[in-house]
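Taken in sequence, the protein lines are chains A and B.
Going by this note's numbering, the first residue of the first sequence is number 13, and it counts up by one from there.
Going by this note's numbering, the first residue of the second sequence is number 14, and it counts up by one from there.
In short, the hints are calculated from the structure, not lab data.
Accuracy of the hints is not assured; some may be wrong.
Stated by the list, open to error - Facing chain B, a subset of chain A residues (Cβ under 7 Å, in silico): (1) Gly39; (2) Asn60; (3) Ser81; (4) Phe116; (5) Asn119; (6) Lys135.
We put the CB at the ideal spot given by N, CA and C, even for glycine.
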Amino acid sequence: MININAIHKSFGDVEVLKGVSLTVAKGEVVCLIGPSGSGKSTVLRCINGLESYDQGSITINDRQVDVASKDINDLRTQVGMVFQRFNLFPHRTVVENVMEGPIFVKNEPRETAHANAIALLEKVGLGDKVEAYPQQLSGGQQQRVAIARALAMQPEAILFDEPTSALDPELVGDVLTVMRDLANEGMTMVVVTHEMGFAKEVADRVCFLYGGQIVESGDAHTLLTQPSHERTQDFLRRVLNH
Amino acid sequence: MEFSDITAFLPILLKGALITVQITIGALLLSTLLGLLLALMKLSPVRALSLTAGTFINVVRGLPIIVQLFYIYFVLPELGIQLSAFQASIIGLGVAYSAYQAENFRAGIEAIEAGQIEAARSIGMKSKLIMRRVVLPQAIRIALPPYGNTAVMILKDSSLASTITVAEMTRAGQLIAASTFQNTTVYTLVALLYLCLSLPLIFGVNRLERYFGKSAKGGNS
Ligand SMILES: Nc1ncnc2c1ncn2[C@@H]1O[C@H](COP(=O)(O)OP(=O)(O)OP(=O)(O)O)[C@@H](O)[C@H]1O
Ligand SMILES: [Mg+2]
């Protein structure tokens, strides 16, 4: 459903993506790993048009992703995104954060949106926090609200950009549990992560990004335990010894 | 200071106070609209817009308000634009304060983290909707205390309208004092009346500030 074909992207003179290709089938979970600055976030941001790309093409269900086009907003409703720093709206309560998109983008009636939002919040384990403000929640709880906010748009895929990197270690588990459940329900997911355990267990495929290129990709278990490329071996050795 | 003086002066001063209030409200509204427009222009990616707004803001901030008033009241008629003294005072103060308002609003808008705007875009919100639902509600909370202070300053500076013959409160006081020589009584009354207008405004701002301060931190509201 997501089809990335040889995209290139430069910031000024620096080319940060040098021909990245990636296909994600419906229901597939793909993890992107790689060192800092390798272009992981940029790939994700290109997929939902937060960033433009210079060459190549990206399609979602055969629709071209084009930042300048009129229907980019419509495409974005089909691909949710969860950020490292949660990015909740601090002036709205938890349930209002989740209802915002359905009401104001999809024009759902308020009651429907509210009922769905409550159901989603219960699903991510926050049924008792619906009227709280984001600042009253822990990082892990905020991230689960952000996941519920993305789910409320009923997207066909969700992109996660290091969703647990800003969390205290003891809060990581709850967020990963929610993500694992989503994967088991058949959600299409592209996850940038440093959680190798999660990648090994949940991902169908892992891609190793280095210097703006995918140098190796393959089934999660093989890539993480027997990487064939030297750079991948290096990288894994370093993160696993952490 | 005699009681009979007070009862004689007060109605005249109150009439002036009414005009003071009208000028203040008029100038506040004008400066708000113009200030918001200038702030949005200044933040615009279109360079011509941001440059125009920036230049306008600097010029207006660099001029004494009284000179701006004289310009509008005495010079514009020579260019064929006739304004009553009352209109000129509202426009002069409104334009002068729009520059300060613009800077307030801009600071409020810029304080919103880029991440929130990205999150809003990622659920398909268009820029206008993001402005209305994400940026402005938060910017208003941030800009509200300086906004209240601006209102107080406009109230006080509305006395400048006396220099272009508007019979607002200060001018009314001057006229009474000139004809009765009761300077102490007249100007004490004028000062007290200004305080009657400004102190509630100041307290109101303080209260709002506390209220928003709480709910922004997510207090149990
Ligand atoms: N808006 C931008 N302007 C200029 N350069 C940028 C911008 N965004 C990213 N870059 C550069 O592009 C490169 C790739 O960045 P990207 O954020 O995609 O890396 P990443 O793999 O996500 O790294 P990290 O693990 O640190 O998040 C980096 O060198 C970064 O400095
Ligand atoms: Mg990144």
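Do the hints match the structure? See the list:
1. Gly39: With Cβ-Cβ at 21 Å, over 7 Å, it is violated.
2. Asn60: holds, 6 Å
3. Ser81: violated, 13 Å
4. Phe116: holds, 6 Å
5. Asn119: violated, 11 Å
6. Lys135: violated, 18 Å
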